[in-house]
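Visitor: Chain residues, written in single-letter form:
4 protein chains.
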Amino acid sequence: MNSLRNHAVLLLSCPDRRGIVASVSQFIYEHKGNIVHADQYTDTEKGQFFMRIEWEMNGFDLERQEMSKAFGSLARSFQVDWQLYFTDDVPNMAIFVSKASHCLYEILLRHGAGEFVTNIKLIIGNHPDLSPIAKTFGIPFYVFPINSQTKMTVEKKELALLKEHNIDLIVLARYMQILTPQFISHYPSCIINIHHSFLPAFAGSHPYRQARERGVKVIGATSHYVTGELDAGPIIEQDVIRVTHRDSIEDLIYKGRDIEKIVFSRAIKLHLENRILVYGNKTIVFSS
Amino acid sequence: MNSLRNHAVLLLSCPDRRGIVASVSQFIYEHKGNIVHADQYTDTEKGQFFMRIEWEMNGFDLERQEMSKAFGSLARSFQVDWQLYFTDDVPNMAIFVSKASHCLYEILLRHGAGEFVTNIKLIIGNHPDLSPIAKTFGIPFYVFPINSQTKMTVEKKELALLKEHNIDLIVLARYMQILTPQFISHYPSCIINIHHSFLPAFAGSHPYRQARERGVKVIGATSHYVTGELDAGPIIEQDVIRVTHRDSIEDLIYKGRDIEKIVFSRAIKLHLENRILVYGNKTIVFSS
Amino acid sequence: MNSLRNHAVLLLSCPDRRGIVASVSQFIYEHKGNIVHADQYTDTEKGQFFMRIEWEMNGFDLERQEMSKAFGSLARSFQVDWQLYFTDDVPNMAIFVSKASHCLYEILLRHGAGEFVTNIKLIIGNHPDLSPIAKTFGIPFYVFPINSQTKMTVEKKELALLKEHNIDLIVLARYMQILTPQFISHYPSCIINIHHSFLPAFAGSHPYRQARERGVKVIGATSHYVTGELDAGPIIEQDVIRVTHRDSIEDLIYKGRDIEKIVFSRAIKLHLENRILVYGNKTIVFSS
Amino acid sequence: MNSLRNHAVLLLSCPDRRGIVASVSQFIYEHKGNIVHADQYTDTEKGQFFMRIEWEMNGFDLERQEMSKAFGSLARSFQVDWQLYFTDDVPNMAIFVSKASHCLYEILLRHGAGEFVTNIKLIIGNHPDLSPIAKTFGIPFYVFPINSQTKMTVEKKELALLKEHNIDLIVLARYMQILTPQFISHYPSCIINIHHSFLPAFAGSHPYRQARERGVKVIGATSHYVTGELDAGPIIEQDVIRVTHRDSIEDLIYKGRDIEKIVFSRAIKLHLENRILVYGNKTIVFSS
Numbered sequence: 104m105n106s107l108r109n110h111a112v113l114l115l116s117c118p119d120r121r122g123i124v125a126s127v128s129q130f131i132y133e134h135k136g137n138i139v140h141a142d143q144y145t146d147t148e149k150g151q152f153f154m155r156i157e158w159e160m161n162g163f164d165l166e167r168q169e170m171s172k173a174f175g176s177l178a179r180s181f182q183v184d185w186q187l188y189f190t191d192d193v194p195n196m197a198i199f200v201s202k203a204s205h206c207l208y209e210i211l212l213r214h215g216a217g218e219f220v221t222n223i224k225l226i227i228g229n230h231p232d233l234s235p236i237a238k239t240f241g242i243p244f245y246v247f248p249i250n251s252q253t254k255m256t257v258e259k260k261e262l263a264l265l266k267e268h269n270i271d272l273i274v275l276a277r278y279m280q281i282l283t284p285q286f287i288s289h290y291p292s293c294i295i296n297i298h299h300s301f302l303p304a305f306a307g308s309h310p311y312r313q314a315r316e317r318g319v320k321v322i323g324a325t326s327h328y329v330t331g332e333l334d335a336g337p338i339i340e341q342d343v344i345r346v347t348h349r350d351s352i353e354d355l356i357y358k359g360r361d362i363e364k365i366v367f368s369r370a371i372k373l374h375l376e377n378r379i380l381v382y383g384n385k386t387i388v389f390s391s
Numbered sequence: 104m105n106s107l108r109n110h111a112v113l114l115l116s117c118p119d120r121r122g123i124v125a126s127v128s129q130f131i132y133e134h135k136g137n138i139v140h141a142d143q144y145t146d147t148e149k150g151q152f153f154m155r156i157e158w159e160m161n162g163f164d165l166e167r168q169e170m171s172k173a174f175g176s177l178a179r180s181f182q183v184d185w186q187l188y189f190t191d192d193v194p195n196m197a198i199f200v201s202k203a204s205h206c207l208y209e210i211l212l213r214h215g216a217g218e219f220v221t222n223i224k225l226i227i228g229n230h231p232d233l234s235p236i237a238k239t240f241g242i243p244f245y246v247f248p249i250n251s252q253t254k255m256t257v258e259k260k261e262l263a264l265l266k267e268h269n270i271d272l273i274v275l276a277r278y279m280q281i282l283t284p285q286f287i288s289h290y291p292s293c294i295i296n297i298h299h300s301f302l303p304a305f306a307g308s309h310p311y312r313q314a315r316e317r318g319v320k321v322i323g324a325t326s327h328y329v330t331g332e333l334d335a336g337p338i339i340e341q342d343v344i345r346v347t348h349r350d351s352i353e354d355l356i357y358k359g360r361d362i363e364k365i366v367f368s369r370a371i372k373l374h375l376e377n378r379i380l381v382y383g384n385k386t387i388v389f390s391s
Numbered sequence: 104m105n106s107l108r109n110h111a112v113l114l115l116s117c118p119d120r121r122g123i124v125a126s127v128s129q130f131i132y133e134h135k136g137n138i139v140h141a142d143q144y145t146d147t148e149k150g151q152f153f154m155r156i157e158w159e160m161n162g163f164d165l166e167r168q169e170m171s172k173a174f175g176s177l178a179r180s181f182q183v184d185w186q187l188y189f190t191d192d193v194p195n196m197a198i199f200v201s202k203a204s205h206c207l208y209e210i211l212l213r214h215g216a217g218e219f220v221t222n223i224k225l226i227i228g229n230h231p232d233l234s235p236i237a238k239t240f241g242i243p244f245y246v247f248p249i250n251s252q253t254k255m256t257v258e259k260k261e262l263a264l265l266k267e268h269n270i271d272l273i274v275l276a277r278y279m280q281i282l283t284p285q286f287i288s289h290y291p292s293c294i295i296n297i298h299h300s301f302l303p304a305f306a307g308s309h310p311y312r313q314a315r316e317r318g319v320k321v322i323g324a325t326s327h328y329v330t331g332e333l334d335a336g337p338i339i340e341q342d343v344i345r346v347t348h349r350d351s352i353e354d355l356i357y358k359g360r361d362i363e364k365i366v367f368s369r370a371i372k373l374h375l376e377n378r379i380l381v382y383g384n385k386t387i388v389f390s391s
Numbered sequence: 104m105n106s107l108r109n110h111a112v113l114l115l116s117c118p119d120r121r122g123i124v125a126s127v128s129q130f131i132y133e134h135k136g137n138i139v140h141a142d143q144y145t146d147t148e149k150g151q152f153f154m155r156i157e158w159e160m161n162g163f164d165l166e167r168q169e170m171s172k173a174f175g176s177l178a179r180s181f182q183v184d185w186q187l188y189f190t191d192d193v194p195n196m197a198i199f200v201s202k203a204s205h206c207l208y209e210i211l212l213r214h215g216a217g218e219f220v221t222n223i224k225l226i227i228g229n230h231p232d233l234s235p236i237a238k239t240f241g242i243p244f245y246v247f248p249i250n251s252q253t254k255m256t257v258e259k260k261e262l263a264l265l266k267e268h269n270i271d272l273i274v275l276a277r278y279m280q281i282l283t284p285q286f287i288s289h290y291p292s293c294i295i296n297i298h299h300s301f302l303p304a305f306a307g308s309h310p311y312r313q314a315r316e317r318g319v320k321v322i323g324a325t326s327h328y329v330t331g332e333l334d335a336g337p338i339i340e341q342d343v344i345r346v347t348h349r350d351s352i353e354d355l356i357y358k359g360r361d362i363e364k365i366v367f368s369r370a371i372k373l374h375l376e377n378r379i380l381v382y383g384n385k386t387i388v389f390s391s
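Protein chains in written order, with our numbering: chain A, 104 to 391; chain B, 104 to 391; chain C, 104 to 391; chain D, 104 to 391.
Worth double-checking, as some hints may not be accurate.
Any copy, or any two copies together, can satisfy a pair, since identical chains are not distinguished.
What the hints assert, rightly or not - Computed list of lysine-lysine pairs in DSS-like fashion (alpha-carbon distance at most 30 Å, straight line):
| id | residue 1 | residue 2 |
| --- | --- | --- |
| 1 | Lys358 | Lys202 |
| 2 | Lys260 | Lys135 |
| 3 | Lys202 | Lys259 |
| 4 | Lys149 | Lys135 |
| 5 | Lys135 | Lys266 |
| 6 | Lys135 | Lys358 |
| 7 | Lys149 | Lys358 |
| 8 | Lys372 | Lys385 |
| 9 | Lys172 | Lys358 |
| 10 | Lys358 | Lys266 |
Hint data in this document are derived by calculation from the structure and do not stem from the laboratory.
Because the structure is a prediction, the values reported are computed rather than measured.
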């Protein structure tokens, strides 16, 4: 569980080479860190190594600001790409919504239950419908009506607002607008969407209608990072639920909501716990 | 379970109209049949009604050959399409294979365990590799090497063989050849394939490779009736299994085998128990 | 889906005998009802027949108050136990809670989304903690502190309140008090509990702690009707979720909440749609 | 996947202390090992640390026989309990059976498909029924009829046979005899059983009958190490499958077989890949 423990999390990737595990764990040990989680993966085809390592900062003898420099020479010698996080450095989140409330409620309730360690700074809607929910939970709600003509202008305003609130993560809780590549470029691997199909099947509009027309026996949901290509970004999490010939489109929407909520929540939690490394168009997920 | 009980199974479809259930159940009652299973479905959009009804033939006062005539006038008045089966009239099955053995073994073992009520008359392979398995289980094995030049000729020989053995159902147990539309036309809704992806995702060749490249978090299997369009026939059953970034293509193949076997078996069992109605390009599955 | 269609639902049970299906469907047809759902089950060991049949009241030529009499003679001749419901006759529900909010929220949100066709008349808590949630959703909240000394007295007050509001269904949304047999006797098969284990494993207190101590690899949830014997009533629905050695009790509680909510919701929905027949200490569930 | 790669696998456990990860990985690095898998777990309540680490022996500069000595001093300083395995040192397996064939077939087929890296040295049956299957797969089959009078004598003969064949792992493939504590003491954490319920529910005889009587909506299977207490040993793997009121005991047995086979196979594979540490009456499973 995510309590406000004072831990450091290092996510790294480098060409696979003997000694990388030893060097990193030695580095942590020398500075008196106690490792509480370590996981690794090697893409043997491409010879690339990936690691997530988490240790207690309590007793660690380097200050945060010193760590970059201290770790730098090790990192250089192994050509390591790395990101360092501290669990008490709580990220800021923005939620984008349209009219459907189930994913928004899910996030707000899990946040309230302590499952998501994040500050929910604001909710942006292209419709005002969900504003009362935001109010109930005491979160600022901004309405930005949008259409193809105004999209560029509106997105600029949104970006300004997000910047002002130091947003680290944007989650699209059934937000029914397509973001421009320009907008997305400001938040690489930091925008999480929930799509209501098991991608790559039924990308685009009306996936439940497509599913019913094809007569599938399972429907699914996919949570992925948003990239410039619609519904084609790195997949974080997927799951499915059984359906039958009896299920109308209305039934699929109802059943689908349950699986959307759960898949979306898992993806957000994995991101907030810094368990995901994006690698090409795929994710490496160091689940607990 | 499918024991050799003497039951009649009526599958029917007609425009939705008041009285159809009453008339059919009255018909069975008048002739002293005891209904042991009845299930129905109405496509309210298209106004079409579907039903599966099963009753004990023990005590029923019509002979089998009389039933068509007796039921005919009722059927006509409701414009009913119908099929009638008797559970002690055991269908004949042919299995098509290439080199992969797991689906073949699955069928033979389930058949041996009494789960499939069918006569497995023969196995056809385009390679001889699985011939020893057939021998162990005492089932005739025929090798028909095939290539694009010989396909038409070979299929004719296969059709002759299938006709000779009065084959009712063909199952493609990871058979790696595409059947011609001409061949398929002889067995409408009577050829069952297992495809190793959750269709419509990853149709065609190498679905596991496609899945790995896309970075999906679940892989699946789909069992469907074979139609002239590749991997696009009516879906009978699907299921999925979770995978991670760690799974190599070899791992996906290994994990996939488990789900292929189970999905394929469920589909064959549903067909053999006459629980499936094909409706457009979809199936209505009256599961128990 | 449950919209406020005007349908009749008949749940019946009788000794298995030829003609019961024909007679019931004939009865409906004669009075110009169109059957939209019918499902049946025969316990062949005990020779007992069960049926759920649903038809459109639009066009039906009997008034509701006439139906008992009209159906009575048929029912008597087949020794039928029967219950008749009308889908526009919306049942009244009371929710009992303690301090945990997740199941309460789940019910209120699904109700708001139109998934539960019921009037939520009131919420009773033995603690005041969840009162603000009730207020947000505009539902009266009553606090009845309770202890072993006051239980009988308090339950009497609760019963009076429930009677006053014509409550048809009580759902225990993680209500941490054991109801007395006397209380339960007022609502036979009308009190639904959610227990946080896959019963019969880990009945009683602290099932997650018990699960962790035993080292199980799946945890579950069970929704059942409440009877005089603790956690031993007829099971309506169960499901499980995978866990590992890494999961602390806190993790099990967190993972468990997800499965509790879903299992509880499914059970409530099945009850509200009159899909459940209690038979001995078991349920027959005519799912859609 | 398990090919005959030349890897070393170290499983270790010790009181949690800073530096253990660094020391072990440093040890491997100094001797020119390339780590390909590492996973760890800390029981924070009891302050115990567990690790699985796997590296390539290709290029490693210590001979196998030298490793104990070389690792010994490190192990002592951290009070490490450890086990060392080499993936090309293929373990020997014995299978115990009675009359049910499905688990036996499952093991033999997966072994044939290369999923289990083990030498299946022999099959022991207390009935001769499955002898033909053993013959087909070319594995010696021994019949040891057993009853309460002869059990001790027979087990001695079995132990002699197992010793003669250097058996490392015994799997009870639906073996319907209870082993004596004395027998079990020869193979601590080396006898794997499959029980046909989700333990701790329905331990002992006839779990499917118990399940049907209780009216559960899921049934399960549990694979566990055998200890002196019946069905109470450390659980390795569990899974479940949905059932309904319609399922007769025969149906439960049929559905249960599918889940038994899969759960049992997963447990055997985890053991053969040295992914399991037994800890008290629980298992730590370092799954891939």
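Visitor: The structure should be examined with respect to each hint, and the outcome stated for every one.
Guide: Hint by hint, here is what the structure shows:
no., hint, verdict
1, Lys358 x Lys202, "both (18 Å within a copy, 28 Å between copies)"
2, Lys260 x Lys135, "neither (46 Å within a copy, 56 Å between copies)"
3, Lys202 x Lys259, "within (22 Å within a copy, 44 Å between copies)"
4, Lys149 x Lys135, "between (34 Å within a copy, 21 Å between copies)"
5, Lys135 x Lys266, "neither (36 Å within a copy, 48 Å between copies)"
6, Lys135 x Lys358, "neither (50 Å within a copy, 33 Å between copies)"
7, Lys149 x Lys358, "between (40 Å within a copy, 23 Å between copies)"
8, Lys372 x Lys385, "both (18 Å within a copy, 28 Å between copies)"
9, Lys172 x Lys358, "neither (51 Å within a copy, 39 Å between copies)"
10, Lys358 x Lys266, "neither (37 Å within a copy, 34 Å between copies)"
The structure fails to meet hints 2, 5, 6, 9 and 10 from the earlier list, while all remaining hints are met.
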